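Going down the list, the sequences are from chains A and B.
In terms of my numbering, the first sequence opens at residue 1 and continues consecutively.
In terms of my numbering, the second sequence opens at residue 1 and continues consecutively.
If you're looking for bench data, these hints aren't it; they were derived computationally from the structure.
Careful: at least some of the hints might be erroneous.
[Unchecked claim] Computed list of lysine-lysine pairs in BS3-like fashion (alpha-carbon distance at most 25 Å, straight line):
1) B:Lys78 with A:Lys519
2) A:Lys595 with A:Lys638
3) A:Lys557 with B:Lys107
4) B:Lys21 with A:Lys549
5) B:Lys21 with B:Lys3
6) B:Lys95 with A:Lys579
7) B:Lys107 with A:Lys570
8) B:Lys107 with A:Lys593
9) A:Lys538 with B:Lys21
10) B:Lys95 with A:Lys570
11) A:Lys65 with A:Lys44
12) A:Lys519 with B:Lys107
13) A:Lys519 with B:Lys21
14) B:Lys99 with B:Lys78
This one's a predicted model, so the numbers in the text were calculated from it and none came from an experiment.
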Amino acid sequence: MSSVTLKNCADEPIHVPGAVQAHGHLLVIDPHSFKIIGASQNVKDYLELDPKGVIGSQLSDLFGKDLEEQIKSSVDSNSLEKINPVEVKKNGRVFEGAAHLQDGKLLLECSPVENSKHSFKDIYREMNLANSELTKARDLSSLYSTCAKHVKEISGYSRVMIYRFDEDWNGKVIAEEKEEDLEPFLGLNYPASDIPAQARALYETNWMRVIPKTDYVPSPIVGEFERPLDLSGSSLRSVSQMHVQYLKNMGVMASMSISIIKEGKLWGLIACHDSVPGYLNYEKRQALIFIGQYFSSLIGSREKVENAQYREELRSRQEALFEQMQKRKNFVDGLIEGEESFVDLVKGASGAAIVKDDKIMLFGETPSEKEVLDLARWIDLRMDKGEIFFTTSLSELYENGEQIKDLASGVLNIRIPEEKTFHIMWFKPEVVQTVEWGGDPNKAMNQTGEGVLSPRNSFELWKERVEKASLPFSPEELEVVDALRRSVIEVDLVRQVRSVMESNEELEQFAHVISHDLKEPLRGIKHFSSFLQEDIGKSLNEESKINLKDIQDLSEKAISLISELYEYSKVGQTDFSYKDCDPSELAKSCAQKLKALMKNENATLEIAENMPKVHCDSLRTEEVFYNLISNAIKYNEKEKKVVQVFCKNGPETPVFVVRDNGIGINKNDLSRIFNVFERLHPKESFGGGSGSGLAIVKRIIERHGGDIWVESKLGEGTSFYFTLAPRKRKRDE
Amino acid sequence: MSKAIKILIIDDNPSDRRIYKRFLEQMDDIEVTVLEAETGKIGLQCCKDEEPDCVLLDFRLPDTDGLQLLPELHEITKSPIIFITGQPEAFIIGKAHQKGAAVYLAKDNIGSRTLQEKVRSVLGLS
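So that you can see chain B by itself, here it is in the shape it has in the complex (with noise of 0.2 Å):
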């Protein structure tokens, strides 16, 4: 029995949420459907109308940054969120953690399999 989940990806970098989209469709036991934003603004949005069930959330954004806007994601939404840095510092994660992401990723890091972990861990999944 496959599960449907939605994803949400905010981050305004396209090559970046297509590497990740397929990383995320490849769960063949899962079937994933990405969403896809560009800026914090369209990733509240798109929080509010859609619903997902999991957000990838990037640092760097143009309207804003993954810090400021996890506080207000957590408004909108119970989802985990999984945060994304290219900058692993110490004091961003722990700041991340503190607004209530999840578990964070460094981008240097992302593979298929490391994405696909993590974010069976924060569903629940196997």
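So that you can see chain A by itself, here it is in the shape it has in the complex (with noise of 0.2 Å):
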């Protein structure tokens, strides 16, 4: 056997040791032949057979052929567990037998049978009073408590506790049922070395160990095999030889623990010690298996019941804040402002902090402005985006971590991921605690000479005063705070996406309205400055008088540019009325309209019959029609001037369009004729105008939902398209 060092002490393989402890004898058989292929030494001892001489025999030539006909066919059927424990009779002794099969071997370990205390019925008849009890405990303290109690009373052990692992897999005595001579472990915390990793792993799958005799020799099993023996499933398993030290030196000479699983992980250990050796049954082992499974299963729903209340009311304050944020414009105020407090919902903080950007909002008790700043530069250097960040010992992991202990050693901080800095923090003080510890923790393994591990052999109470660290943060709280994170993102994006449409509206008012009082004095400067034209006119010099009518001119300008800034705003103000309309109809009211236009340009209007009735907005689709086909004719530098409306499309998305044989557009102006204002040649040319109508005709066209777009050619002419409803099918041009 080799030992273990500092080196390899984690990786000690616990499970294939390649022995059996004393109190029974190993059979390794192959399930299919049913011939021995291995066996402890002690077979000597329990059989009188030399192990090399059992191995190549029949299991029948061993135990009778009844026994093997037995366990063959539940081997064959799958139900191995059924059989269970078997009578083995040799030699004058009888022994239980349990059998499982594990790597593809049949494992066969047998014990003397004891005359023990109790019989199966008392067995049961405590079974059934510790389930009982178990169902029936108010609370969690009173379910580990009852436990414990039901427990040592089954297995007859001195000392029975209830440990449970930490998150870094320290444990702690959390109940405990001892004789009264015994001093009290209670309260007690244990280091992670002293139940290794591997051990930990075995402890998931392998509902118990037992260690009947801890001073016991190992039996090692004679045989070959391809690989290491696993014995991960036999109750005689070897254990490691650290672990029996480390027992021995506690001054425990029987050992059994329990495993605690909840939701498929080790939560911690039923943990029995005796000072004298104590052999358990089949029997008895089984229903401690099951009053653990139970335990377990009792936990998992026990936290669940204990912890919902609190959830729940966690809960239903975030939803307050929800509700709060969704209100108000700027939702950090529905955050700060309101009858629910941010701050409360992490119980025990004493302050908190609202971070964004440089600027920085501080609630209760916190560092100052400067040190928190620092703080979150520091997260948001250390922290992926959407982590929740806490700690309760901020110190350990933040340099500046030591000057700010007193009010944050305690720090949970959420991000909100598209702002550039934007965090919400809670504080927690500093809370000196005294941890008891079973033994210095720093003093858990021993190195001796060899850089040879032993464990420690002091286990007397060694009180750790814990400072820089706080209280810490409970699971529903960090759950509370995660959603609080996401619904504050929730209600910025809805905020973002919302402040974008009210400000265009917000710009839309703001044009209607100074539009109109713009006006006023321009009139004004208008009608006075031709009046002073009128006046005094003639006396003026020439460039005086230039000046008076370039004043005119430039008022009555800046009147037009208003006045179509008011149309464009207005389209977005104004309540449009739909109805069914006939475009036709439309077109040809805007025929009568450009008559004179028409006449003067010499340009002839095609309109289609019967293009389809559409729903919309009579007075702004005619404008829209007015203003494509008044362009259409202004902008045509042809001897004939053909201007065509018709449609194209079925009725079911009819795509309107407003050809001309006109100058056309270059490619490079198509994406700018839309918008308000500009206009593509100089500003008396072309019937003069400033540009707006487009804009406003695409705007129109927008508020039903539909779509504009153009295709030209310079020189040729211009095709003008939209709809005037959301369209169903991709476009087709």
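Hints in hand, dock the two standalone chains.
Quick look at the structure:
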């Protein structure tokens, strides 16, 4: 057996020790041929047989055909657990045997039948009592003590502890039943190294391990196997010598533990010690395993119930905060003003902070603004955007943590992703705690001369004063803070969308109001300058005459600009009234209004008959046609100007077209033409105008939910396409 | 032979009143006396006291709006009321007609000619 040193102690393969304990013997059997392929050395004592001689013989040779048949049929029918324990007789001795399959081999472990104090009836009675009392336990702490009590009753061990792991795998004794004369271990902590990782891994798959006599002499297994024999499921498995030494140092002569598994993970152990050896027969072991399993499931459900009320309370407070945030324009106001305080979400938080870019708001008792800002920046550097950051001992992680330990030993921080810097932080003050250990945890392992490890031999109460740490954050708090983070993100997104929408509306309102108010003084300018012109115009010199004329012209221009802006803004502001309209009629009505212009420009307007009816605002749609048709006439230098108005695609998704044979639009300018006040040509040409006509047209169409686009060839003509409703199909041009 | 008429301008903007006054006084064949009122209340009182031949009424007034004042004016005088608005919204114009305005004028369209024509037309003058 290789010795365990400092280097390899975490890797010690405890499930393949190659030996069994002394209180029983092991046979390794081929499950097809039922030939014996391995045996523990101590078959010599139990069966008076040489292990090497046993190898190669049939199981029936050893224990009779009946037993072999019994085991064989249960192996074949996959119901091995149902026959355990089996009675095994040899040389006048009676053994109780337990068989299990592991790694393709059949393992049969036999121990002499004990004259135990309890008959099966007694065990059954005790188990029933245990289960009913466990079920009735009012709360978690009485659940623990009830379990310890019954395990002690059934097992007869002098000390039974409920041992719970923390997130670092240190353990704490949270309940204990013991003989009166023993000193209590209740409340003591034990370092993680006391139950190393590979042991914990084994305990998750195997519910019980027992060492009836600590100072046993291991019995090696004789036999040739293609790989080390896996004894994970074996109750006779020989344990790590480190563990044996540990128990001896503790003065424990018999040890047993049952796993407590919650949601598939090792939660803790029911750990039992005695100062004298104590053997547990198969039935007792099974009863204890059953209690352990029942207890495990009760812990899961009880913990849920105990925390449910608290969780529920936190959840409803978080929802109240969410509502508060939704109501306010600035959601941060909703977070900090209002009945529900976000600071109180975290129990024991003495203060909180909200950091947005370089602005900071502090609540309650917190470090200084600068300290909080520095901390926020440090968190930014080390945190992934999605995470919640928390710690109960900031000074261990953050170099400036020491100076703020009084108020911020514990920090819980959430971040809102898309903002540059947005943190919400809660602070917990330092609470000096005393942790009691069963022995100095720093001396858990002693190093002897050649670097060989040996477990500590002092388990005396060792008090550790823990400083620079806060009380912990509960899982419920972490959950609700995460929910808060998600609701802040949601509120913020809605706010962003709304503010974009609103700012458009506000701009339109603004344009509407201001255009009206601006026109007044401009009218004054226009008229008074013309009065000046009338009264003293003749006596002015040439330059002054021109200046005066310019004043008039400019004010006229300003007025018309504002009028157009006003029209444009109106499109967004006023209510549209929708009804079924005939586009042909609307276009014809435009033709009427444009009669003079058309005659002047020698333009003809061809309007298709029977264009499909559309549901739209008739006045505004007529305005669309009017603008497009008048543009078509104006931006045309041909002798005979032709404008066509017709419809493409069916009645389902009608696309209206206004086509002309005019001057066309440069490809590079196509995207600009719909901009407000954007004109492609000099101001006086093509009939003047401030260039907002197309912008107004686009806005009207957008309000209908439609689209407008244009095709054009320079010198040949332009076609404007538009729809007056959201289109169902992709556009085909 | 020149006719003498009194025209009441009810408008809170002094620049606008000055402009209208000038346009009205430019009618050579008619002697126009322009009365000014800057609130609806003063306008009503002036109507009572002076009995103008024609009223120019602005839609926006500090103490009321033109639409509300119209029927009140009608109770006092039978003279034609020219309704002036900066917002030629169809519904305002429609309402104004309903309440008895003879005609309306859009502020942007007021030049000397348009105003004079309207006044002549409502007074039946050439």
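Going down the list of hints, with the structure as the test:
1. For the given pair, lysine 78 of chain B sits about 32 Å from lysine 519 of chain A by alpha-carbon distance, which is inconsistent with the 25 Å threshold.
2. A hinted pair counts as satisfied when its Cα atoms are at most 25 Å apart, and lysine 595 of chain A with lysine 638 of chain A qualifies at roughly 18 Å.
3. Distance hint between lysine 557 of chain A and lysine 107 of chain B is fulfilled; the C-alpha atoms sit about 16 Å from each other, no more than 25 Å.
4. Between the alpha carbons of lysine 21 of chain B and lysine 549 of chain A the distance comes to roughly 23 Å, so the proposed pair stays at or under 25 Å and holds.
5. For the given pair, lysine 21 of chain B sits about 17 Å from lysine 3 of chain B by alpha-carbon distance, which is consistent with the 25 Å threshold.
6. For the suggested pair lysine 95 of chain B and lysine 579 of chain A, the alpha carbons sit about 23 Å apart, so the restraint of at most 25 Å is met.
7. Taking the CA atoms of lysine 107 of chain B and lysine 570 of chain A, the gap is about 18 Å. The hint holds against a cut of 25 Å.
8. Between lysine 107 of chain B and lysine 593 of chain A the alpha-carbon distance is near 22 Å, which keeps this suggested pair within the 25 Å criterion.
9. A hinted pair counts as satisfied when its Cα atoms are at most 25 Å apart, and lysine 538 of chain A with lysine 21 of chain B qualifies at roughly 23 Å.
10. Between lysine 95 of chain B and lysine 570 of chain A the alpha-carbon distance is near 20 Å, which keeps this suggested pair within the 25 Å criterion.
11. Our distance criterion of 25 Å between C-alpha atoms is met by lysine 65 of chain A and lysine 44 of chain A, whose separation comes to about 22 Å.
12. Restraint check: the Cα-Cα separation between lysine 519 of chain A and lysine 107 of chain B comes to about 10 Å, which is no more than 25 Å; the hinted pair holds.
13. The straight-line distance between the Cα atoms of lysine 519 of chain A and lysine 21 of chain B is roughly 19 Å, inside the 25 Å bound, and the hint therefore holds.
14. Annotation: proposed proximity of lysine 99 of chain B to lysine 78 of chain B holds, straight-line Cα distance about 13 Å (limit 25 Å).
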